[in-house]
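Chains as they are written, first to last, in the working numbering: chain A, 2 to 538; chain B, 2 to 538.
Treat the hints as calculated values from the structure; they're not laboratory data.
For clarity, every value in this text was computed on a predicted model and none was experimentally measured.
Check each hint, because a few of them may be wrong.
No distinction is drawn between identical chains; accordingly, a pair holds when it is met within one copy or between any pair of copies.
When the alpha-carbon atoms are kept at most 30 Å apart in a straight line, the in silico DSSO-like pairs for lysine-lysine are as follows [claimed, not checked]:
hint, residue 1, residue 2
1, LYS466, LYS524
2, LYS163, LYS414
3, LYS387, LYS509
4, LYS387, LYS369
5, LYS361, LYS414
6, LYS414, LYS524
7, LYS361, LYS447
8, LYS251, LYS369
9, LYS369, LYS163
10, LYS509, LYS369
11, LYS361, LYS387
12, LYS524, LYS361
Number of protein chains: 2
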Amino acid sequence: IAMELDGERAVVRPLLTDLYQATMALGYWRAGQACEAAEFELFFRQCPFGGSFALAAGLRDCMCFLRSFRLQDADVQFLASVLPPDTDPGFFEHLRALDCSGVTVRALPEGSLAFPGVPLLQVSGPLLLVQLLETPLLCLVSYASLVATNAARLRLIAGPDKRLLEMGLRRAQGPDGGFTASVYSYLGGFNSSSNTLAGQLRGVPVAGTLAHSFVTSFSGSEVPPDPMLAPASSEGPAVDLTASVNLWLKRVCSYLGLEVQEPHPGERAAFVAYALAFPRAFQGLLDSYSVRRSGLPNFLSVALALGELGYRAVGVRLDSGDLLQQAQEIRGIFRAVGAQFQVPWLESVPIAVSNNIDEKELTRLSQKGSEVNVIGIGTSVVTCPKQPSMGCVYKLVSVGGRPRMKLTEDPEKQTLPGSKAAFRFLGSDGSFLLDLLQLAEEPPPKAGQELRVWPRGAREPCTVKPAQVEPLLRLCLQQGQLCEPLPTLDESRTFAQQSLSRLNPAHKQLQNPTVYPVALSEKLRALVDSLSAGGPL
Amino acid sequence: IAMELDGERAVVRPLLTDLYQATMALGYWRAGQACEAAEFELFFRQCPFGGSFALAAGLRDCMCFLRSFRLQDADVQFLASVLPPDTDPGFFEHLRALDCSGVTVRALPEGSLAFPGVPLLQVSGPLLLVQLLETPLLCLVSYASLVATNAARLRLIAGPDKRLLEMGLRRAQGPDGGFTASVYSYLGGFNSSSNTLAGQLRGVPVAGTLAHSFVTSFSGSEVPPDPMLAPASSEGPAVDLTASVNLWLKRVCSYLGLEVQEPHPGERAAFVAYALAFPRAFQGLLDSYSVRRSGLPNFLSVALALGELGYRAVGVRLDSGDLLQQAQEIRGIFRAVGAQFQVPWLESVPIAVSNNIDEKELTRLSQKGSEVNVIGIGTSVVTCPKQPSMGCVYKLVSVGGRPRMKLTEDPEKQTLPGSKAAFRFLGSDGSFLLDLLQLAEEPPPKAGQELRVWPRGAREPCTVKPAQVEPLLRLCLQQGQLCEPLPTLDESRTFAQQSLSRLNPAHKQLQNPTVYPVALSEKLRALVDSLSAGGPL
Chain A
2 IAMELDGERA VVRPLLTDLY QATMALGYWR AGQACEAAEF ELFFRQCPFG
52 GSFALAAGLR DCMCFLRSFR LQDADVQFLA SVLPPDTDPG FFEHLRALDC
102 SGVTVRALPE GSLAFPGVPL LQVSGPLLLV QLLETPLLCL VSYASLVATN
152 AARLRLIAGP DKRLLEMGLR RAQGPDGGFT ASVYSYLGGF NSSSNTLAGQ
202 LRGVPVAGTL AHSFVTSFSG SEVPPDPMLA PASSEGPAVD LTASVNLWLK
252 RVCSYLGLEV QEPHPGERAA FVAYALAFPR AFQGLLDSYS VRRSGLPNFL
302 SVALALGELG YRAVGVRLDS GDLLQQAQEI RGIFRAVGAQ FQVPWLESVP
352 IAVSNNIDEK ELTRLSQKGS EVNVIGIGTS VVTCPKQPSM GCVYKLVSVG
402 GRPRMKLTED PEKQTLPGSK AAFRFLGSDG SFLLDLLQLA EEPPPKAGQE
452 LRVWPRGARE PCTVKPAQVE PLLRLCLQQG QLCEPLPTLD ESRTFAQQSL
502 SRLNPAHKQL QNPTVYPVAL SEKLRALVDS LSAGGPL
Chain B
2 IAMELDGERA VVRPLLTDLY QATMALGYWR AGQACEAAEF ELFFRQCPFG
52 GSFALAAGLR DCMCFLRSFR LQDADVQFLA SVLPPDTDPG FFEHLRALDC
102 SGVTVRALPE GSLAFPGVPL LQVSGPLLLV QLLETPLLCL VSYASLVATN
152 AARLRLIAGP DKRLLEMGLR RAQGPDGGFT ASVYSYLGGF NSSSNTLAGQ
202 LRGVPVAGTL AHSFVTSFSG SEVPPDPMLA PASSEGPAVD LTASVNLWLK
252 RVCSYLGLEV QEPHPGERAA FVAYALAFPR AFQGLLDSYS VRRSGLPNFL
302 SVALALGELG YRAVGVRLDS GDLLQQAQEI RGIFRAVGAQ FQVPWLESVP
352 IAVSNNIDEK ELTRLSQKGS EVNVIGIGTS VVTCPKQPSM GCVYKLVSVG
402 GRPRMKLTED PEKQTLPGSK AAFRFLGSDG SFLLDLLQLA EEPPPKAGQE
452 LRVWPRGARE PCTVKPAQVE PLLRLCLQQG QLCEPLPTLD ESRTFAQQSL
502 SRLNPAHKQL QNPTVYPVAL SEKLRALVDS LSAGGPL
């Protein structure tokens with residue numbers, strides 16, 4: 002268990018936190034409260050993007066952070082430089098000795114469906130320490146969950162068959178934003194990422210071929226040091242690919258009604274160079290000059306020359322213009338050219354598209370009859386433009402075993418007090434009916450038993466009888482020790498898709514979905530009422 | 002120079018790149034083009050947020066990345082695992098030997114005003130290598146520049162006197178997104194950040210006091226181990242702060258017409274605990290229960306008790322409700338209470354506010370007569386919701402000394418070919434008139450000389466006579482060596498504010514600003530025309 006968490010990234014240091022965590026730490030320490038047993042819950046108040054679900058993600062990163070949490074001398078010295086000069090040195094000794102050996106975490110497993118108010122993490126331990134953990138935990142969970150949820154929505158739009166490629170590294174909030182986006186958009190349902198580091202460190206399938214710069218870097222006057230290519234079967238002589246392509250160019254141009262001078266020679270040289278490097282994975286980027294008059298005939302010439310040697314091109318990519326319509330036209334040309342030259346595989350060469358694809362454009366590209374096969378999405382998966390932040394919060398729910406509640410005059414910002422358990426009620430078909438929050442000390446609800454609960458936002462209780470009951474929160478870290486191996490990214494990805502398949506379609510609608518009910522037990526509801534009325538804290 | 006760049010962050014590894022950079026690398030290598038001299042430009046096509054300027058930022062991070070760029074064995078092995086199994090081992094040897102000793106970078110200095118099409122970076126070196134650098138450089142520059150620009154806009158709205166605190170770490174795209182946001186929102190004009198790591202590693206002033214959890218963690222039954230506080234002057238006996246606060250509570254409640262039981266005892270205990278830890282920097286967070294009936298009288302009691310000992314409270318914070326109106330009311334109460342108890346400093350205690358403050362709310366809070374002094378902004382500075390990505394691109398402009406251009410049928414995506422120089426024309430008052438792009442080989446324009454130029458987007462040339470001419474791009478890295486010490490963050494921050502002060506207000510308007518002109522020299526314009534018409538590449 003130790004091994005699998007090590008070495009993944011070195012970003013998250015204990016000082017990656019808000020200064021007020023440190024000033025509060027001193028306040029707790031001075032008040033003799035530093036070691037009081039406390040519990041915080043990390044949750045969100047509203048599902049992102051106007052939807053009705055979210056995917057919980059980031060747990061692995063949290064575990065990695067907690068297990069290595071330790072203030073270094075330089076960290077403590079920096080804090081001393083920004084805290085009052087007469088601060089008791091005992092406080093800094095206390096900070097130096099901190100680690101997570103007294104911290105226990107329960108959590109929604111990575112990839113779980115999460116709903117408002119249900120804790121993604123419950124963190125308990127000494128008050129000073131678990132307070133200090135707030136900002137890094139929020140930072141690790143919020144964006145991971147946001148981008149996983151965003152990816153899941155895009156997957157719902159695209160349907161199961163389109164291949165979705167995340168390619169937003171350059172549009173992210175710096176290096177780690179890009180890394181997090183790549184990992185968690187895969188978890189949320191994408192097929193692959195362009196981000197090589199996400200492949201290296203987390204096993205995300207990586208994909209990529211060539212950019213316009215590659216194409217435009219060639220003028221056509223270059224002479225490849227070795228233009229010879231052996232057949233795929235290795236049987237038979239190697240051929241001069243450039244020469245073979247030039248022969249095919251004449252046939253293709255003649256069939257398409259183009260002059261052989263029209264297709265750009267530099268683009269063709271680039272395609273040949275790429276084909277020599279990747280004969281089994283040749284892809285053409287068609288729109289550096291003109292798709293119809295240059296990119297397409299050049300691609301076809303190279304693909305057909307490769308085909309003679311037994312290699313099949315793996316795709317074309319479009320990065321500008323009307324992607325849906327061009328895909329249609331290109332598929333038509335592939336069919337016609339494939340028939341003309343008796344190359345049947347040509348008609349099913351995958352067509353990949355990219356260029357600022359958002360939910361709306363993805364809907365169009367995923368419509369029935371679309372000839373698009375692969376969709377590269379950057380900005381709109383990574384930046385989550387509909388809602389660029391998840392709004393997770395981390396709230397104190399108990400101190401010294403006594404429930405705590407933030408009352409405030411803004412009812413939206415009130416918290417649910419007390420250490421809690423959470424359960425999911427399922428119908429007889431395994432679909433999700435409702436999530437229940439209750440006090441930790443209450444007996445768990447039982448399948449087949451009727452229960453009166455208070456749905457959040459409702460003024461009246463209702464009665465539910467679940468066919469099955471699943472506990473939602475798993476013990477992950479107990480007194481600093483990992484309790485079980487963390488699931489792999491692929492396991493979490495599968496779990497997320499399975500969970501989504503059990504959610505009623507009404508909750509999965511992307512616009513105006515039916516709200517998924519989260520309810521409080523009668524006891525929890527009574528505690529909220531009592532504390533709201535100013536009862537004893 | 003070496004020292005100052007080291008150890009800042011370990012995030013940016015060479016594999017933090019798109020896979021297609023590696024596949025293209027193999028393509029270049031196979032085509033014998035790997036070591037061709039190439040030049041790329043990094044620029045944006047449109048100013049973010051509908052504005053008319055951007056601030057260039059991220060250069061220091063780029064230099065740090067370039068100087069340490071080196072593929073490790075594990076990196077090369079990973080690439081080998083995703084490239085064709087029969088790839089020539091010579092390619093991987095080539096990768097292992099790569100470093101930036103052949104790379105030269107010219108750039109807009111950190112904090113410069115940047116406009117569409119003017120390169121933020123010009124990167125030249127061996128084609129394969131400078132292609133590989135694309136994604137990490139984009140990743141490092143785009144978001145840094147976006148958030149610096151966003152911060153500059155927020156500063157323009159707030160005016161020079163409000164203190165702006167960035168506090169968005171928990172809303173960022175993971176750890177490094179938060180770090181980048183903290184550093185570059187400071188560069189763009191914020192006063193401080195909550196992010197302790199940005200203070201430790203980059204010297205950003207850090208700020209923070211206490212959260213609701215600190216307040217709600219106290220019930221009021223706690224007994225501080227040592228409630229005694231000595232006077233600020235250290236002359237005279239220590240007093241029991243709790244007892245003194247309780248005496249003041251009676252006087253304050255009586256004056257405000259409240260029962261002494263109304264203010265929450267836990268909140269008061271929290272304030273006392275904080276005051277004991279920070280007697281010289283006491284701040285009250287007022288809205289955990291009720292501002293008027295609890296937070297305010299509790300704050301006043303503690304502030305007045307501290308005042309008797311010679312300490313002055315440094316502020317209050319509001320985090321919900323109508324912030325402008327509450328600030329008005331609180332200032333009124335401070336005045337009245339200050340007069341009543343003859344504590345004149347009370348009326349000028351700074352009022353800090355936070356809670357999802359965006360451009361619109363900031364405009365309201367910054368209006369004339371506002372009593373708000375400090376404004377904490379998280380989500381809307383960090384996530385840049387108006388435009389969460391800068392859209393920078395990195396385009397090939399020359400290979401082997403010959404200009405390159407992406408033509409494409411989408412005119413917006415066409416590039417400006419050739420190695421270029423850039424100049425800013427200034428009026429006699431030092432204000433910025435126009436930026437000029439010309440070919441590197443052209444003689445620099447001279448002050449006082451009339452010149453015919455082609456403003457981008459215009460169909461006709463125009464004539465300009467600058468009073469002064471400033472070259473825009475500085476040589477930063479020459480054959481892998483830093484050419485001069487990089488400016489400090491504070492120097493860049495000052496430079497950004499100075500630059501903004503020289504920009505005509507018409508270009509600084511946040512809605513519908515006048516577009517700042519960027520023009521091409523006649524020679525550059527002629528080259529574009531010639532290449533667009535299919536002239537020799």
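Practice item. Tell me, in ascending order, the numbers of any earlier hints that this structure violates. Key: Hints 7, 8 and 12 not satisfied by this model.
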